[in-house]
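**Student:** Here is what each chain is made of, one letter per residue.
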Amino acid sequence: MCCYGCRAAAEWIEQLGLADYYRLRTEPAPKPDGREDGAAAWQRPEIFRHVVRDLDADRRETMLLIEGVRCAACVWLIERALGAMPGIVRIQVNASARRARVVWRDAEITLPKILEALSRTGYRASPLDSQALNDVRRRESRDALKRLLVAGFGAMQAMMYAAVLYFGGNEALDPSTHELFRWLGFLAAMPVVFYSARPFFTGAMRSLRARQLGMDVPVALAIALIYAASLIEALRGGGHVYFDSVSMFVFFLLAGRYLEMRARHRAGDLTDALARLTPPFADLRRDDGTIERIGIHELRVGHQVHVSEGGIVPADGTLLDEQCRVDEALLSGESAPVVRRRGDMLIAGSVLVEGPAQLRVERVGADTALAGIAALVERAQAERPQLARAGERAASRFVMRVMILTALTAIAWSYFDPSRAFPAALAVLVVSCPCAFALAVPAAITRSLAVLARWGVLVVRPDAIQSLAETTHVVFDKTGTLTQPDLTVSNVETFNVASRESALRMAASLARESRHPAARAIAAACLGDHVEQASGIRSHSGLGLTAFVAGRELRLGRIDFALAGRADLCDCEDAVLLADDTGPIAAFWLTEKLQPGAHQAVDALGAQGLQVAIASGDSASKVEEVASRLGISQWRARQLPADKLAWLADLRANGARVMAVGDGVNDAPVLAGADVAVAVAGSAELAQASSDIVLVDGRLGSLAPARALAQRTLAILQQNQRWALFYNLTAVPVAALGFVPPWLAALGMSLSSVCVILNALRIGREEATP
Amino acid sequence: MNVLLVMIPLSILLLLGAAAAFFWAVDHDQFDDMDTPGLLPLDDSTRHDD
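Listed in order, the protein sequences are those of chains A and B. Taking this note's numbering, the leading residue of the first sequence gets 1, the next gets one more, and so forth. Taking this note's numbering, the leading residue of the second sequence gets 1, the next gets one more, and so forth.
Hints are computed from structural coordinates only; laboratory data are not their basis. One should not assume that every hint holds.
Now the in silico label distances, taken between C-beta atoms and shown as ranges [as the list claims (entries may be wrong)]:
no. : chain 1 : residue 1 : chain 2 : residue 2 : range
1   : A       : R500      : B       : Q30       : 56 to 62 Å
2   : B       : L14       : A       : G609      : 55 to 61 Å
3   : B       : L14       : A       : A224      : 28 to 34 Å
4   : A       : V136      : B       : L14       : 47 to 53 Å
5   : A       : I13       : B       : A19       : 56 to 62 Å
6   : B       : L14       : A       : W183      : 51 to 57 Å
7   : A       : I13       : B       : Q30       : 44 to 50 Å
8   : A       : A163      : B       : Q30       : 17 to 23 Å
9   : A       : L751      : B       : P9        : 52 to 58 Å
10  : A       : D106      : B       : P9        : 36 to 42 Å
11  : A       : F416      : B       : Q30       : 53 to 59 Å
Please read all numbers here as calculations on a predicted model, not as lab measurements. Note that the Cβ used here is the ideal one computed from N, Cα and C, for glycine as well.
Produce the complete structure using the sequences and hints provided.
**Tutor:** Rendered as structure tokens:
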């Protein structure tokens, strides 16, 4: 603890009974950034109608999107803090979706009060459009869980009944019992095929209507054929039935899809992403000078809008004030806030660092630059490289071949012995499908998804594993991905008498009053030291600071400001200078701090033979500096999202498989257009929504091991497929010719499946944990 | 083997019961959040009246 104030605060937290938060949390929370939304405007009827649903005369319901929820401790804190308020009927927070469903009584509490209480707790919340209450995702996940369970129960039952048929043999069972177990198997498989497998059938119908041969078509065909053929066999009373195989087949496929869906839901979606970026309100300045807070969708071109310091620009517009400073890092990737002068364009979604500002709205809604980026993301996603679907294509090719083989078997047998054509064809279909297709691929993929998730690498699209293994180039974004958003003091040079520490202390006494990133870096550099008292601090916009410390006037800023025309006194162009009337005292060099582990990550990727490059929206000198520190030779600066995308397309045209790693909104189109897109944790929602892989704890160091694991997964997958092929090639003809009794065939099939699963379990066993 | 005629319908009934219970649980938010409820017992002061 640093002071009495902290101690008092800590004791107060303890008294309130909220100290458990620190015990329960599993991740450090982000620091508050001091921005504030005036919540009162949510009560305006125009906005209220949009976000709130009436449950009955008194009770209202809304869905809140909560920023900063990291782990279950946050959920606990929110539910506890809000649940205790009078008038709150129910609050339910979902940590992974970062949403809270709140029901309250309008007579006792209002929406702004709830939002205020939340922001006091430290979480910024914004109500979502009331359509979010319908919650498509929740329905989807519940549906999938039910289908999975029914398939699991059905498969277990069907296998039990089938085991009786296999091992009971023909001697132990009298014909009527034999018949009974067949129909029981049919009964158990019925809900599996007609309820659990329905997504495959609807998916197949959809892709057939679109005249495509998607993944679902062969799967649905195989399920339908095996089921129908087994039913015919059961009716005829001859041959073999495969109700157990078809249920297992469905169960394994659903299990794989369920895992995939869970990962996808955690990564967020585009609607959420956009909702978070633009503020819900704008402060409209009326002709008579009064300011009124209105909803963002009421904003029209030509309106005059007031943005206070620290606020988010609500729409694209031209600046009416003399000058201001905005942070556009989210959109352009530029690390330092930029100065905008009268008549310049401000972009919606950027943060006003130094203000306030008045602007004239030029573009709203779908016309803004931000919406343009979102549109670019969608287009890039639609034009997603074909390679991504290679895994899918391989699987459907395999099933297609099995289908052809089945048809050939049937035709061949109908020449020699028509009565055996049907069972033989069915045997081929059954023996090859579940083992090779339903197990060989999903078992390996599922295992590697689980291992990667444990390493903090969340794979959203399982196809990405193949692309990841085949990557040849890695393109990093700079700001926020390789470097931290804050600056840091890298070097201090002192002149005359001052020591390094005393110079820092003097500079910090000025700097701590400013929000400029350079000032913040200097203030942070002497954290914990006693700072000298400064009086009469004045901020000269865009230039620097002056103040009186211990009786003399100090100036902190760029060289031409600090030395005011006597710049020849020292040679430090890029530094921040501290000076008094007599001359320079100290010079501070600032650099961007590298993300922890960035260097090792780049080295490890290089060691795997990958080309590493940087594409950044920042200025050339900054990009070059970071590139040289990391030993990266390929870099491009001042890249707009469209430029990056073009570069990516260029690389890909030359045969490269590109992995893009980024975090900002400006990276989203690039991520969507890459072969593999990796978003760093804590990155913009839009970036996460357009990525294949999310690094949950933000450690770039996991990238190289993840790629190694992906390669191993592919190797094991091929082993599995080869084994399945070998088994089928030897077993199917023998079984089809009638040399193998059914129980031996069943045993062989099961043992072969066990082999495949055990092989898949080797993934992640020998690799070093990052 | 006649005992099968009792046991098998019984097992199917049990299975239907289990499936119905699971469907009920899914529909009543039991599987929506798998992280938070595990922490609740650690908190001594949580009210259990609702």
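**Student:** Each hint needs a verdict: does it hold in this structure or not?
**Tutor:** So, going through the hints one by one against the coordinates:
For the pair A:R500 and B:Q30, the beta carbons lie near 60 Å from each other, so the given range of 56 to 62 Å is met. About 57 Å separates the C-beta atoms of B:L14 and A:G609, a value consistent with the hinted range of 55 to 61 Å. For the hinted restraint 28 to 34 Å between B:L14 and A:A224, the CB-CB distance of approximately 30 Å keeps it satisfied. For A:V136 paired with B:L14, a C-beta distance near 34 Å fails the hint of 47 to 53 Å.
Here the CB-CB span from A:I13 to B:A19 is close to 46 Å, at odds with the stated 56 to 62 Å. For B:L14 and A:W183, the hinted distance range of 51 to 57 Å is not satisfied, since their beta carbons lie about 19 Å from each other. Distance hint for A:I13 and B:Q30: a CB-CB separation of about 32 Å, inconsistent with the stated range 44 to 50 Å. For A:A163 and B:Q30, the Cβ-Cβ distance of about 32 Å falls outside the hinted range of 17 to 23 Å, so the restraint is violated.
Take A:L751 and B:P9: their Cβ atoms lie about 33 Å apart, and the range 52 to 58 Å is violated. Between A:D106 and B:P9 the Cβ separation comes to about 53 Å, which falls outside the hinted range of 36 to 42 Å. The hinted range of 53 to 59 Å is satisfied by A:F416 and B:Q30, whose Cβ atoms lie roughly 57 Å apart.
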